[in-house]
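Student: Modelling step: build the complete structure from the supplied sequences, incorporating the hints.
There are 2 protein chains.
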Amino acid sequence: MTLRYYHGPALANGLKSMIPLLEKDLPYESVYIDLHKFEQHDPWFLKINPEGQVPVLDHDGVILNHSTVINEYLEDVFADRPLRPRNPVGAAHMRYWNKFLDEHFLNYVSIHGWHRMIGPIARAVESHEFERLMERIPLPDQRRKWRAARAGFNQADLDYATEKVAFAIDKVERQLGETAWLAGADYTLADINLFASGAINLELSFPQLVTRERCPRLLAWREKMRARPAVKLAVAGGRAAAART
Amino acid sequence: MTLRYYHGPALANGLKSMIPLLEKDLPYESVYIDLHKFEQHDPWFLKINPEGQVPVLDHDGVILNHSTVINEYLEDVFADRPLRPRNPVGAAHMRYWNKFLDEHFLNYVSIHGWHRMIGPIARAVESHEFERLMERIPLPDQRRKWRAARAGFNQADLDYATEKVAFAIDKVERQLGETAWLAGADYTLADINLFASGAINLELSFPQLVTRERCPRLLAWREKMRARPAVKLAVAGGRAAAART
Chain P
1 MTLRYYHGPA LANGLKSMIP LLEKDLPYES VYIDLHKFEQ HDPWFLKINP EGQVPVLDHD
61 GVILNHSTVI NEYLEDVFAD RPLRPRNPVG AAHMRYWNKF LDEHFLNYVS IHGWHRMIGP
121 IARAVESHEF ERLMERIPLP DQRRKWRAAR AGFNQADLDY ATEKVAFAID KVERQLGETA
181 WLAGADYTLA DINLFASGAI NLELSFPQLV TRERCPRLLA WREKMRARPA VKLAVAGGRA
241 AAART
Chain G
1 MTLRYYHGPA LANGLKSMIP LLEKDLPYES VYIDLHKFEQ HDPWFLKINP EGQVPVLDHD
61 GVILNHSTVI NEYLEDVFAD RPLRPRNPVG AAHMRYWNKF LDEHFLNYVS IHGWHRMIGP
121 IARAVESHEF ERLMERIPLP DQRRKWRAAR AGFNQADLDY ATEKVAFAID KVERQLGETA
181 WLAGADYTLA DINLFASGAI NLELSFPQLV TRERCPRLLA WREKMRARPA VKLAVAGGRA
241 AAART
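These protein sequences, in sequence, are chains P and G.
Be aware that the first sequence starts at 1, since it is given in our numbering, and climbs by one per residue.
Be aware that the second sequence starts at 1, since it is given in our numbering, and climbs by one per residue.
Do not rely on the hints blindly, as some may be mistaken.
Unchecked claim - Think about it this way: if two alpha-carbon atoms lie no more than 30 Å apart in a straight line, the pair counts; the simulated DSBU-like pairs of lysine-lysine are:
| no. | chain 1 | residue 1 | chain 2 | residue 2 |
| --- | --- | --- | --- | --- |
| 1 | G | Lys164 | P | Lys164 |
| 2 | G | Lys99 | P | Lys99 |
| 3 | P | Lys171 | G | Lys47 |
| 4 | G | Lys47 | P | Lys164 |
| 5 | P | Lys37 | G | Lys99 |
| 6 | P | Lys37 | G | Lys164 |
| 7 | P | Lys164 | G | Lys224 |
| 8 | P | Lys145 | G | Lys171 |
| 9 | P | Lys232 | G | Lys99 |
As the list claims (entries may be wrong) - Anything over 10 Å on all C-beta distances counts as not near chain G; from chain P, calculated:
| no. | residue |
| --- | --- |
| 10 | Leu3 |
| 11 | Val89 |
| 12 | His112 |
| 13 | Ala122 |
| 14 | Phe130 |
| 15 | Ala161 |
| 16 | Glu173 |
| 17 | Gly177 |
| 18 | Gln208 |
| 19 | Lys224 |
Treat the hints as calculated values from the structure; they're not laboratory data.
In this text, a Cβ means the ideal position worked out from N, Cα and C, and glycines have one as well.
Tutor: Written as structure tokens, this is what we have:
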């Protein structure tokens with residue numbers, strides 16, 4: 001059995017599927033894709049994932065992409081050390097949160113992250129080269145995002161994203177007043193999603209929202225997350241990347 | 001065992017969870033929520049779903065919302081007549097498509113549907129009454145959508161939505177050139193999602209996109225969908241609604 005995990009930095013979606021691999025103690029080959037060099041749009045990588053996105057999991061030749069989908073797959077195949085409740089109601093709660101985070105949190109955290117970090121990278125590329133790089137991006141929305149990062153996201157989009165993140169923080173805070181973990185009594189993929197999708201370092205973009213007054217339970221929950229050995233290892237980059245052949 | 005299904009018209013998310021109930025031949029009580037009367041925001045309904053959204057499934061007192069989550073739950077609990085592949089790779093393909101449709105199709109079809117159908121309803125409500133109704137809506141995005149429908153969606157948003165739907169149509173068309181059903185050899189929740197989320201009557205908003213030249217396979221697939229007895233019954237409204245007490 002071979003698992004090969006193609007991923008960028010230990011952030012966002014890349015972190016999201018790495019934590020389950022480590023929680024389950026699954027041996028995997030790490031293949032680091034350098035997003036600063038736009039390797040995710042290189043022809044060799046597009047043969048693996050035509051969408052030109054990471055992470056990707058290759059399990060004995062079966063290619064899986066999208067971290068939420070990968071994580072459910074890992075539960076289906078490697079049922080030991082479950083991160084998805086075995087009772088259907090618990091699984092439904094977990095999926096409710098995954099869906100909420102995927103649709104109403106990650107992308108809004110991401111806009112601010114791109115604004116801060118990808119904007120300068122995109123602006124450092126000379127115009128002609130930038131257009132050449134854009135042509136290699138398979139997904140139109142992803143091209144749009146790169147162009148917006150280069151030009152600077154407009155303030156209305158940034159403000160809306162902040163509102164969405166504030167809404168998510170308050171919703172999570174209420175939930176953690178009722179249950180120990182996000183989807184109930186057990187640590188699940190929903191916690192991993194929340195952590196990786198932005199809770200890990202939410203202060204960087206939203207210092208005004210992440211305060212002991214507004215979300216004390218979220219901050220306490222995050223300490224529990226950070227204390228988990230698998231999470232620590234994932235945040236440090238996971239297993240060492242294999243040499244690329 | 002009691003299943004009670006709260007739903008609006010046999011369209012979009014309401015249709016999406018009704019088809020599996022009927023495919024699995026599960027007895028359920030139908031509770032029709034009149035969206036034209038804004039019943040989904042009535043206090044009695046908010047006690048059932050604080051988000052003020054339909055559909056909702058009540059299974060012996062356990063409340064589930066969001067049609068994609070409900071449908072996975074039905075697979076977990078009622079494993080006969082499966083609509084989710086039992087092999088993990090097939091399930092992953094199904095979830096890949098569900099995620100794509102939930103994030104990149106449904107909402108964009110929906111904007112045009114709201115523009116055509118909800119706009120006139122929203123504009124027919126007197127201003128003071130409209131504000132009172134808005135105050136009852138729990139989700140900020142949903143309030144935004146009602147206000148946009150009343151004012152008229154802006155052309156840039158409508159154009160972007162059309163682009164997204166065109167992209168989805170072409171992606172589906174390519175897939176149906178490779179597999180008999182959307183997620184592979186078997187009929188799954190992904191087909192039900194595509195059908196209910198918009199394929200059912202895509203011509204209404206996008207006559208220029210739905211042509212025998214552009215998407216012949218999609219149209220042939222849709223005929224197969226429409227020929228299924230459970231789909232026929234669902235499109236006709238499903239089981240008769242119970243009297244509300």
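Student: With reference to the structure, classify each hint as holding or not holding.
Tutor: To see whether the hints hold, each was checked on the structure:
1. G:Lys164 to P:Lys164: holds, 22 Å
2. G:Lys99 to P:Lys99: holds, 9 Å
3. P:Lys171 to G:Lys47: holds, 17 Å
4. G:Lys47 to P:Lys164: Answer holds: Lys47 (chain G) to Lys164 (chain P) is near 24 Å, not above 30 Å.
5. P:Lys37 to G:Lys99: holds, 28 Å
6. P:Lys37 to G:Lys164: holds, 28 Å
7. P:Lys164 to G:Lys224: Cα-Cα ~40 Å, so violated.
8. P:Lys145 to G:Lys171: holds, 20 Å
9. P:Lys232 to G:Lys99: holds, 29 Å
10. Leu3: holds, 13 Å
11. Val89: At roughly 5 Å from the nearest Cβ of chain G, Val89 (chain P) sits no farther out than 10 Å, so the non-interface label is violated.
12. His112: holds, 18 Å
13. Ala122: holds, 21 Å
14. Phe130: Nearest chain G Cβ is 22 Å from Phe130 (chain P), so the label holds.
15. Ala161: holds, 13 Å
16. Glu173: Check passes; 15 Å lies beyond 10 Å.
17. Gly177: holds, 15 Å
18. Gln208: holds, 18 Å
19. Lys224: The claim stands: Lys224 (chain P) keeps its Cβ more than 10 Å from every Cβ of chain G (closest is about 25 Å).
In summary, the numbered hints that this structure violates are 7, 11.
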